[in-house]
Amino acid sequence: MATLDENVFHLFSYVMTPTPEPMSPLQTALAEQGLFVLDGALATELERRGADLLDPLWSAKLLIEQPDLIRQVHLDYFLAGADVATTASYQATFEAFARRGLGHEEAADLMRRSVSLACEARDAFWAEPAHRLGRRRPLVAASIGPYGAMLADGSEYRGYQGVSRQALADFHRPRLQVLAHAGADLLACETIPCLDEALAIAGLLPEFPGVQAWLSFSCRDGAHNCQGEPFADCVAQLDALPQIAAVGVNCTAPEFIESLVALARSHTSKPIVVYPNSGEHYDAVDKVWHGEGRAHDFAAQAMRWHGRGARLIGGCCRTGPDDIRALKQAAVAGGALIEA
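Each residue of the sequence shown is one higher than the one before, counting from 202 in this note's numbering.
One thing to keep in mind: the hints can contain errors.
[To be verified] If you anchor each label on the Cβ, the simulated ranges turn out as follows: (1) A368 <-> R337: 31 to 41 Å; (2) G411 <-> A437: 22 to 32 Å; (3) E408 <-> D523: 35 to 45 Å; (4) G429 <-> H305: 32 to 42 Å; (5) P407 <-> P330: 37 to 47 Å; (6) E296 <-> R336: 30 to 40 Å; (7) G510 <-> H305: 36 to 46 Å; (8) H305 <-> S460: 36 to 46 Å; (9) A463 <-> G235: 16 to 26 Å; (10) L280 <-> D440: 34 to 44 Å.
[To be verified] SDA-like mimics (lysine to any residue), calculated; alpha carbons at most 25 Å apart, straight line: (11) K529 <-> Q234; (12) K471 <-> A441; (13) K529 <-> S460.
Calculated from the structure, these hints are not laboratory results. On a predicted model such as this, the values are computed, not experimentally measured, just so you know. All C-beta atoms in this analysis are idealised placements derived from N, C-alpha and C, irrespective of residue type, glycine included.
Using the sequences plus the hints, can you model the full thing?
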């Protein structure tokens, strides 16, 4: 029979034992499967379907003009095998909408619409019982584009010297306040060209408890982000931040991904996310793509990246549903979607 002192000790131990934090939807998914398949490009896929995006708002323009087309692209990525839809909010900022004459609340409503369109596509996909076989319910990631996307001058592929971390935080906070509460499962902070911007965003996340984000850099080569800072240092500085659910690289040429994954693996314990572009070069002045795409063997490359340690893999500019379908098929054939 326990003594009074023993009972008090056990009660004290129970009270003092911290309750484990519940896993986020992304953490749950990664605990159950070895590879999480992202979607592919949104804007360039919309263009391929006839949308005119020669506009500073880019894909966010269609939140106003053709929301049904955005919803359809999200649905087509789910049908191709994507486990997540990334919203059309990359270039949806208060500053950009203000230049169109839209007020603060109108802009916020359009940002929320980007999430609702993806959720509607996900719900339509999931309503069909056949789509649930061997699948987890897909997630919705609210895209948080970089400061350079608002400038619409291609500086997310150069960086921006002279812009302070505080200025970057002040830019990101209002949009985060909207998208963090818009109904997405997580945030996709993407195409970040420099460490200061990454830390500015990460520093804001504690203002939104429970919100998780992946953060991916744009990189100029296999070792540096687009501003020229060592990618390994960037990854290492995000490693201890609990609201960063995954870290990696996007909208970067495919030939650099394997090296970047290896660097990330050696500098973080977090899941690694990669979604490169097709390998073509974007001319931000003339708004055209040059060169030849190198994503023709996208699925085979993706499985090599997975073998090196990437856990979240998809495509960025100039990739499409066919690339994601091929990736999904390769992942199933290779056993990458079984329990991790």
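Hint by hint, here is what the structure shows:
Separated by about 39 Å at the C-beta atoms, A368 and R337 satisfy the suggested range of 31 to 41 Å. Take G411 and A437: their Cβ atoms lie about 25 Å apart, and the range 22 to 32 Å holds. Separated by about 40 Å at the C-beta atoms, E408 and D523 satisfy the suggested range of 35 to 45 Å. For the pair G429 and H305, the supplied restraint of 32 to 42 Å holds, since their beta-carbon distance comes to about 35 Å.
Between P407 and P330 the C-beta distance comes to about 40 Å, which sits within the given range of 37 to 47 Å. Checked against the hint of 30 to 40 Å, the pair E296 and R336 passes, with Cβ atoms roughly 38 Å apart. Restraint check, G510 to H305: a C-beta distance of roughly 42 Å satisfies the suggested window 36 to 46 Å. In this structure the supplied range 36 to 46 Å holds for H305 paired with S460, their Cβ-Cβ distance being about 43 Å.
Checked against the hint of 16 to 26 Å, the pair A463 and G235 passes, with Cβ atoms roughly 18 Å apart. A hinted range of 34 to 44 Å holds for the C-beta pair L280 and D440, which are about 36 Å apart. A distance of roughly 13 Å separates the Cα atoms of K529 and Q234; the hinted pair therefore holds under the 25 Å criterion. With a C-alpha separation of about 9 Å, the suggested pairing of K471 with A441 holds against the 25 Å cut-off.
Distance restraint check for K529 and S460: the Cα-Cα separation of roughly 23 Å lies within the 25 Å cut-off, and the hinted pair is therefore satisfied.
When the structure is compared with the earlier hints, no violation turns up for any of them.
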